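Trainee: The residues making up each chain are set out below.
There are 2 protein chains.
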Amino acid sequence: MNIEPASLEALIGEFSSLPGIGHKTARRLAYHVLSKSESDVERFSTNLLNAKNKVHPCPRCYAFTDEDLCPVCKARQGAKSICVVEKSSDIIPFERSGIYKGTYFVLGGVISPLDGIGPEHLHLPDLVQRIKDENIEELILALGSSPEADSTALMLDRMLAGVSVKRTRLARGIPMGSDLEFVDEVTMLRAFEGRVSL
Amino acid sequence: MNIEPASLEALIGEFSSLPGIGHKTARRLAYHVLSKSESDVERFSTNLLNAKNKVHPCPRCYAFTDEDLCPVCKARQGAKSICVVEKSSDIIPFERSGIYKGTYFVLGGVISPLDGIGPEHLHLPDLVQRIKDENIEELILALGSSPEADSTALMLDRMLAGVSVKRTRLARGIPMGSDLEFVDEVTMLRAFEGRVSL
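Those protein sequences? They're chains A and B, same order as listed.
Just so you know, the first sequence maps onto residues 314 to 511 in this note's numbering.
Just so you know, the second sequence maps onto residues 314 to 511 in this note's numbering.
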């Protein structure tokens with residue numbers, strides 16, 4: 314006999330639709346929601362709507378913001394470098410480390426023909442326009458290390474033919490605190506190829 | 314610089330409050346919500362409220378339901394056995410296996426002095442009353458195998474002093490498909506003690 318109330322099943326379905334949440338975990342979360350106070354669930358429900366309704370891409374860099382310009386674009390007007398990332402949340406580790414003082418640009422993905430994502434789905438033309446308009450001096454690519462990221466970088470390189478801007482990408486190598494024994498082959502290959510003299 | 318919009322941070326906080334969801338996972342879920350369509354997020358928000366507002370404990374067995382009686386209590390009026398579980402979702406594996414045709418009773422937890430849960434926080438008196446009122450013939454304890462579950466069973470046993478009802482508990486032993494090599498000591502102990510002749 315199916316003993317789950319329909320409204321509870323619907324909530325389990327919602328949680329299941331989130332990435333990395335299977336049906337059993339979704340059920341656990343839904344039952345947990347029932348144990349919360351009414352006001353807590355109301356606040357959760359409102360915060361869901363709020364986040365969706367108030368948050369939008371920054372018109373200059375496409376990072377998520379709930380203001381007219383994102384805090385970085387607002388604070389660093391006139392910066393001469395742009396760091397290109399795939400998605401908005403990729404900006405967080407940069408800002409947490411505090412090493413970078415320029416602006417960002419969120420591409421909105423990488424070119425992936427298998428997933429039907431072509432250059433026209435990304436904000437590449439906007440990026441090229443911004444580089445020209447603002448006389449950007451350095452473009453830092455921080456796109457991850459998949460083949461798709463590489464072909465996106467290549468496409469950007471072609472679109473920037475004739476534009477004088479220094480292009481760099483993040484170093485690839487052994488991460489801090491990792492045991493050499495457990496480093497995968499590709500990372501080791503890249504760390505070895507990119508070795509620097511002491 | 315903190316680049317996360319306040320409304321997004323609030324949503325991350327909501328997901329973090331769920332069991333087993335850490336801050337990083339919560340952020341991933343919240344960003345995923347932003348990528349959903351407006352109508353999908355509205356439905357999610359409504360389903361949260363719906364589940365909380367419509368679902369309530371069945372007045373007879375305390376299982377979650379959105380009707381006046383849960384489907385089991387409605388379909389199996391007059392059944393002469395009660396299976397006692399800790400929480401509503403524990404009923405699901407019984408109903409999935411289809412082996413049991415009686416009714417259930419959700420205690421709402423087990424006695425756990427360390428967590429401040431005493432007998433008064435459980436529905437023990439209601440259970441005793443139901444056993445007497447309905448002339449229940451068999452009481453099946455399905456409370457898990459923690460020391461807290463054992464002391465709850467003991468408490469129930471005392472409260473039923475003088476009541477003639479057969480009391481059983483689920484068998485403990487080696488689960489289906491498990492490799493003997495990986496069976497833990499306590500399970501092995503119980504399986505050995507409970508061995509049956511062929």
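Calculated from the structure, these hints are not laboratory results.
Among the hints, a few may not be true.
For identical chains, the list gives no copy identity; a pair is met inside one copy or between any two copies.
Said to hold, decoys possible - Derived DMTMM-like pairs: lysine to aspartate or glutamate, alpha-carbon spacing no greater than 20 Å straight-line:
#1 K479 <-> D446
#2 K349 <-> D497
#3 K445 <-> E351
#4 K349 <-> D379
#5 K349 <-> E399
Because the structure is a prediction, the values reported are computed rather than measured.
Trainee: Are the hints correct? Go through all of them and say.
Mentor: Okay, the hints, checked on the actual structure:
1. K479 <-> D446: within (15 Å within a copy, 84 Å between copies)
2. K349 <-> D497: neither (44 Å within a copy, 35 Å between copies)
3. K445 <-> E351: neither (53 Å within a copy, 35 Å between copies)
4. K349 <-> D379: between (28 Å within a copy, 17 Å between copies)
5. K349 <-> E399: between (36 Å within a copy, 18 Å between copies)
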